[in-house]
Amino acid sequence: MSAPPILAVHDLRTSFAVRRAGRKVHVQAVDGVSLTLAAGEVLGIVGESGCGKTTVGRTIMRLAHADSGRVMFDGADVIGARGADLKSLRLGIRMVFQDPYASLNPRRSIGDSVAEAGDINRAFASRGERTRRVAETLAAVGLDPAFATRFPHELSGGQRQRVGIARAILPAPSIVIADEPVSALDVSVQAQVLNLLADLREKLGLSMLFISHDLGVIGHVSDRVAVMYMGRIVETADTRSILEAPMHPYTLALMAAVPKPDPTLRIARALETGEPPSQFGRPVGCAYAPRCPLASDRCRVEAPLLRPLGARMVACHNVGT
Amino acid sequence: MLKVSDLTVSIGPDDAPIDLVSGVSFLIEKGEILGLVGESGCGKSMTSLAVMGLLPRPGPRIRAGRVELDGADVRGLMPWQRVEIGHARVAMIFQEPMTSLNPVLRVGDQIAEAVRVHDRVSGSAALVRARELLEMVRIPDAGMQLSAFPHQLSGGMRQRVMIAVALACRPQVLIADEPTTALDVTVQYQILGLLRELCNALEMAMLFITHDMGVIAQLADRVAVMYAGRIVETAPVRTLFDAPGHPYTRGLMACMPIRGVGQQRLKSIPGQAPQPDGVPVGCKFAPRCSEVRQSCRMASPPRLQVGPGHEALCAFPITDGRPL
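Taken in sequence, the protein lines are chains A and B.
Sequential numbering of the first sequence, starting at 36, is according to the numbering used here.
Sequential numbering of the second sequence, starting at 10, is according to the numbering used here.
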């Protein structure tokens, strides 16, 4: 990573106040995340539901409010951006959402949905240019340009997700944040969409933050992977190291639980590996300690910091010492 | 234990029915897990609802075929009618436990209710049994959790409660429809292990429905692959993964992102599955098939024996040079 990162996140914290049993409770969804994304790189963020991976993406997009921390996109400050700066920033970083059913307005035509970013920013010089750009963008995601006049209910899930991608790439962004873009799709369609994302990345030189709970998908698309647990990154390394030699006990547990398409690795009996943690109240010390087979007394009092270990970063007292 | 033969489920008028499930047959033995795998809309859930007697009314209906439970034909009977004739020992669990549990009842009472549908016992005896069931599904502090409400439990714990409710009738057959799809992988892993253990310990037959080939590989003993309302291939799990016979099965396996593959392109199956009302003449998979020949588009494919216990609904199954 000699090139300067296109996106640098430093010590990002995001919290929510939620009501629970009539009382206000503070949930620290993102608790000091730092990461960098190099130009043209795909960084995968993986973790269980509630680990804060989606909130990281939403905070970078300014869809969630950061408590503290810094996000630099191409040298410009993201967290403090207002007005026109924020608008242009949102053309440079675009998002693809999980649910292609919920993320498209059912009463707007596909063409209008795709053109939205251009409309808001008055990017089209004429109606003719608008039509042409929409047609080009639809073609780029493998859809017939005639889809522009259709409505979301006429499309299959895979086609809708292609529309979602078309909306993201219309303003020619440098970064796409893809939040579980294929989780709602059938495997055969999932493969088509993953291939499309790979093609677009190559053609448009996109950098991507690819958020998913599925290590199989993450392993396929990412150059580097960050594993999140309870709002913090516990391990980050290049994809091969994470998949083939995970070091953090949590990464190990996650890898072990992925269903592998190999009938010789059968599940024979019930294993107890603990439940994902509640977001309310972080334990003192390492958040993973209550589920961790390696947990020592030190883990229960002192939270481990993310520290370099060879080419990777790990937050665990018990590895590499 | 459970024998389904030639099951056909249709909607629409009798003179022009549209088949959602067409000629599905399978057999599950005691303690065996049959994995039923397919993409959304292929008819796998419809099959399970038909077997269970839970098809929504009005709407789809069983037009032909038999559903035999331990030798007795229960086709078309609703669950409560099965209770009356004493053939109710089939239970079902669903994908989203929160929608199957009553949010305003304590979990202990919900399990006890299921117990008392099947056994004539007192309320307190039913609660004792509810506690045993919670222990059986490995819920920590079972005694305490009896008085919890569903929203106080995590997704994995709720699914365990659903399994406890299902076990209340001491089922001979458990139908599990995508029971782990909404759960995190770490929790899924535990639930799959629990189901395997329960099947072995209680000699329960299980029909496990999923879209995930990885789950199938790790859990099922035998596999049935469904496409467009038909079972296109059945085989023991090892055989299916070592030597898939149907081009669709092979396609499904090729498009899975397997870890460590890196940046290669995934193979995908072109096109999409047909709608039930527009199923093409001849083989339903022909428009997407990589091995398609002219005759595939004309006539329905035969069900060919590819190997021991291994059948494919294909005129030209892939045998990698082995004689048929």
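Derived by calculation from the structure, the hints in this document are not laboratory data.
Among these hints, one or two may not hold up.
Which chain A residues face chain B? A few, computed with CB under 7 Å, are given here [to be verified]:
#1 Arg-162
#2 Leu-231
#3 Ala-280
Each computed PhoX-like pair below joins lysine-lysine, with the alpha-carbon atoms no more than 25 Å apart [said to hold, decoys possible]:
#4 A:Lys-238 - B:Lys-276
#5 B:Lys-12 - A:Lys-295
#6 B:Lys-39 - B:Lys-12
Using N, Cα and C, we set each Cβ at its ideal position, and we do this for glycine too.
Regarding the hint that Ala-280 (chain A) lies at the interface with chain B, is the smallest CB-CB distance below 7 Å? Result: violated, 11 Å to nearest chain B Cβ.
ask   = For the hint on Leu-231 (chain A), does the least C-beta distance to chain B fall short of 7 Å?
value = Constraint on Leu-231 (chain A) not satisfied, violated at 10 Å.
Does the alpha-carbon distance linking Lys-39 (chain B) and Lys-12 (chain B) stay inside the 25 Å limit?
Roughly 11 Å between the alpha carbons, so the hint for Lys-39 (chain B) and Lys-12 (chain B) holds.
Hint check: Lys-12 (chain B) vs Lys-295 (chain A), CA-CA at most 25 Å. Holds or violated?
violated, 29 Å
Note to self: With the threshold set at 25 Å, check whether the alpha-carbon distance from Lys-238 (chain A) to Lys-276 (chain B) stays at or below it.
What the structure shows: At roughly 20 Å apart (the allowed maximum being 25 Å), Lys-276 (chain B) and Lys-238 (chain A) satisfy the hint.
Is the interface hint satisfied for Arg-162 (chain A)? The criterion is a beta-carbon contact with chain B at less than 7 Å.
violated, 33 Å
Of the numbered hints listed earlier, those contradicted by the structure are 1, 2, 3 and 5.
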